[in-house]
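Trainee: On the provided structure of chain Y, position chain B as indicated by the hints.
In order, the protein sequence lines correspond to chains Y and B. Every position in the first sequence, counted from 1, becomes a number in the numbering used here once 1024 is added. Every position in the second sequence, counted from 1, becomes a number in the numbering used here once 1024 is added.
Hint data in this document are derived by calculation from the structure and do not stem from the laboratory. For glycine and all other residues, C-beta sits at the position ideal for the given N, C-alpha and C. Be aware that a few hints might be false.
Simulated pairs of lysine-lysine, DSSO-like, Cα-Cα distance not exceeding 27 Å [what the hints assert, rightly or not]:
no., chain 1, residue 1, chain 2, residue 2
1, Y, K1127, Y, K1151
2, Y, K1298, B, K1127
3, Y, K1298, B, K1151
4, B, K1111, B, K1127
5, Y, K1168, Y, K1151
6, Y, K1151, B, K1151
7, B, K1151, Y, K1301
8, B, K1050, B, K1151
9, B, K1298, Y, K1151
10, Y, K1127, B, K1298
11, B, K1168, B, K1127
12, Y, K1111, Y, K1127
13, Y, K1151, B, K1301
14, Y, K1111, Y, K1151
In silico negatives: residues of chain B with every beta carbon more than 12 Å from chain Y [to be verified]:
no., residue
15, E1107
16, P1113
17, A1177
18, A1212
2 protein chains.
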Amino acid sequence: MPSPFQRVAILGTGLIGGSFALALRKHFPEVHITGFDREPVLREAFDRGVINLGAPDAEHAIAQADLVYIALPISTTMDLLPEIASKAPGHALVTDAGSTKRKICRLAEEDFNFGAMFLGGHPMAGKETHGLSEASAEIFSGAKYVLISEDPAGPPTDPRVAAFLSLVRTIGAEPVWLDAETHDWATAIVSHLPQLASIALADVIAEEEDDELRLPASLAANGVRDSLRLAGSSYDMWRDIAISNLDNLSRALDRLAQTIEHLRANLNSRELEKAFKTANRLYNVLRPE
Amino acid sequence: MPSPFQRVAILGTGLIGGSFALALRKHFPEVHITGFDREPVLREAFDRGVINLGAPDAEHAIAQADLVYIALPISTTMDLLPEIASKAPGHALVTDAGSTKRKICRLAEEDFNFGAMFLGGHPMAGKETHGLSEASAEIFSGAKYVLISEDPAGPPTDPRVAAFLSLVRTIGAEPVWLDAETHDWATAIVSHLPQLASIALADVIAEEEDDELRLPASLAANGVRDSLRLAGSSYDMWRDIAISNLDNLSRALDRLAQTIEHLRANLNSRELEKAFKTANRLYNVLRPE
Chain Y
1025 MPSPFQRVAI
1035 LGTGLIGGSF
1045 ALALRKHFPE
1055 VHITGFDREP
1065 VLREAFDRGV
1075 INLGAPDAEH
1085 AIAQADLVYI
1095 ALPISTTMDL
1105 LPEIASKAPG
1115 HALVTDAGST
1125 KRKICRLAEE
1135 DFNFGAMFLG
1145 GHPMAGKETH
1155 GLSEASAEIF
1165 SGAKYVLISE
1175 DPAGPPTDPR
1185 VAAFLSLVRT
1195 IGAEPVWLDA
1205 ETHDWATAIV
1215 SHLPQLASIA
1225 LADVIAEEED
1235 DELRLPASLA
1245 ANGVRDSLRL
1255 AGSSYDMWRD
1265 IAISNLDNLS
1275 RALDRLAQTI
1285 EHLRANLNSR
1295 ELEKAFKTAN
1305 RLYNVLRPE
Chain B
1025 MPSPFQRVAI
1035 LGTGLIGGSF
1045 ALALRKHFPE
1055 VHITGFDREP
1065 VLREAFDRGV
1075 INLGAPDAEH
1085 AIAQADLVYI
1095 ALPISTTMDL
1105 LPEIASKAPG
1115 HALVTDAGST
1125 KRKICRLAEE
1135 DFNFGAMFLG
1145 GHPMAGKETH
1155 GLSEASAEIF
1165 SGAKYVLISE
1175 DPAGPPTDPR
1185 VAAFLSLVRT
1195 IGAEPVWLDA
1205 ETHDWATAIV
1215 SHLPQLASIA
1225 LADVIAEEED
1235 DELRLPASLA
1245 ANGVRDSLRL
1255 AGSSYDMWRD
1265 IAISNLDNLS
1275 RALDRLAQTI
1285 EHLRANLNSR
1295 ELEKAFKTAN
1305 RLYNVLRPE
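Bound-form chain Y, shown alone (with noise of 0.2 Å):
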């Protein structure tokens, strides 16, 4: 099957973007992709093949493309949209990969007037790790992939996003139709929620530390392992959701502290069963055996 889109533009080529690039790369080798980053990443992604060509900005970087992918930081992204919009090609789609979506889509509806379409979006394939190092053709497979649609009466028929739809099942991930309110709120439950319990976690254990013995971490067995997995991310990266989502964030916070100390009250009550049990149900749902 020939790719829906001829010249793709990376905007950022680090996990994600270098990820999608490897991902094209697989499905549709006959693409010719365009990369731009800080010099160095560029580099490394030109000589590992990932890109065809490197770019020394965003503007040369979409100049020809048929497909311009933001796989930037969320600031970074905002940053750029301006130029984007006013500089990619008519026919393009301009689509992002940021992890918060009300921010930038809401800039994009005021830039995105003419030419070039604009689709907000969000692969839910992250890693704790990130770098064009850690970047695979696979991290989409198996993945929700969010698109934003504001549309009471449903998704874009525009043919690109058809197209961009058709790339996305190619690659492995499975679109999901939400709008931009609603995908905010959700990932601040199940995704930023998890990345602040386990930095929370983290610091506790951490603040715990008895030099001598390196106690309590030196007991760590593979379950508080797993639950400190999140807690190697980033902060640049966190930086910028934290800021575009923190009134869902402070919320989910809220109401985990409140269950953490509803659950302190009742170590030796019932509610801490039904606590088990709730977490179970939902354990046996992300989790089927």
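Mentor: Chain B only, in chain Y's frame:
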């Protein structure tokens, strides 16, 4: 190398007891293992060759044992300890695998006055799953194995203890001597707190559930799935742990709730960066590359 113990009684042949039996089988095929558990579990253990013999009660199981290995829930262990103390052969070593140690060791101190020797233990090798079907000889491999000594002069020099230490190392675990107070403090932070944090996180996610779209859980990616691994744990086991470590666990939960509230109040300040940096450091200690 011959086993330092020829006849072993395993009380409770679930995940830990069954795994201990399988590890013995692997390294010391000549050892005779008598199991005690509910009848269907014993039958399965016998059919799988995990035990040589099933006993109808603890008294029969331990009658001839050189080593008595208690891998029962904490409350059952405490119910049985007086009987085990009075009925175990005088030359035997009795050890347990309970997840909290103060209550069990205090009771053992009263009960084991002559004859059999008691050694409190806790292999840091659980899983969120349980039962004999999950048992594996490899579960102890690389795990810390806490042994309890209250003597500031050092661990006991009894040859039975030396023999058990050697056995623990043979099955791949690393013995760590702690007093019961220190053990219960450290495990509250690094095992019991992560367990309840995972339960609380799952409860918050489950309570937000939108019936129609199954959001937010339907967007769950790998990160949150890892954070929710412990949410599959069984209340039946954790009830005893929570109740027998109430003071330490309550304090740990309080700290976690406070830390989460601190993050909530500082989502757009440099305090968030500090929290990430501390967490990243712990992550790097627990997950060396």
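Trainee: Now, for every hint given, state plainly whether the structure supports it.
Mentor: Right, here's what the structure says about each hint:
1. Using a Cα cut-off of 27 Å, the hinted pair K1127(Y) and K1151(Y) holds, with the two alpha carbons roughly 23 Å apart.
2. Our distance criterion of 27 Å between C-alpha atoms is met by K1298(Y) and K1127(B), whose separation comes to about 26 Å.
3. Restraint check: the Cα-Cα separation between K1298(Y) and K1151(B) comes to about 21 Å, which is no more than 27 Å; the hinted pair holds.
4. At roughly 21 Å between alpha-carbon atoms, K1111(B) and K1127(B) fall within 27 Å of each other, so this suggested pair holds.
5. The straight-line distance between the Cα atoms of K1168(Y) and K1151(Y) is roughly 14 Å, inside the 27 Å bound, and the hint therefore holds.
6. At roughly 23 Å between alpha-carbon atoms, K1151(Y) and K1151(B) fall within 27 Å of each other, so this suggested pair holds.
7. Between K1151(B) and K1301(Y) the alpha-carbon distance is near 17 Å, which keeps this suggested pair within the 27 Å criterion.
8. With a CA separation close to 21 Å, the supplied pair K1050(B) and K1151(B) stays within the 27 Å bound.
9. A distance of roughly 21 Å separates the Cα atoms of K1298(B) and K1151(Y); the hinted pair therefore holds under the 27 Å criterion.
10. Restraint check for K1127(Y) and K1298(B): satisfied, since their Cα atoms lie roughly 26 Å apart, inside the 27 Å limit.
11. Note on K1168(B) and K1127(B): the hinted pairing holds, with a Cα-Cα distance of about 21 Å set against a maximum of 27 Å.
12. For a cut-off of 27 Å, the pair hint linking K1111(Y) to K1127(Y) stands: about 21 Å separates their Cα positions.
13. Taking the CA atoms of K1151(Y) and K1301(B), the gap is near 17 Å; set against the 27 Å cutoff, the hint holds.
14. For the suggested pair K1111(Y) and K1151(Y), the alpha carbons sit about 32 Å apart, so the restraint of at most 27 Å is broken.
15. No Cβ of chain Y approaches the Cβ of E1107(B) within 12 Å, the least distance being about 26 Å, so the stated non-interface status holds.
16. Once the 12 Å rule is applied to beta carbons, P1113(B) is consistent with being away from chain Y; the minimum gap is 32 Å.
17. Under the 12 Å C-beta cut-off, the non-interface status given to A1177(B) relative to chain Y holds; the minimum distance is some 17 Å.
18. The non-interface label for A1212(B) is inconsistent with chain Y: the shortest C-beta to C-beta separation is roughly 8 Å, within 12 Å.
The structure fails hints 14 and 18 (numbered hints given earlier, in ascending order).
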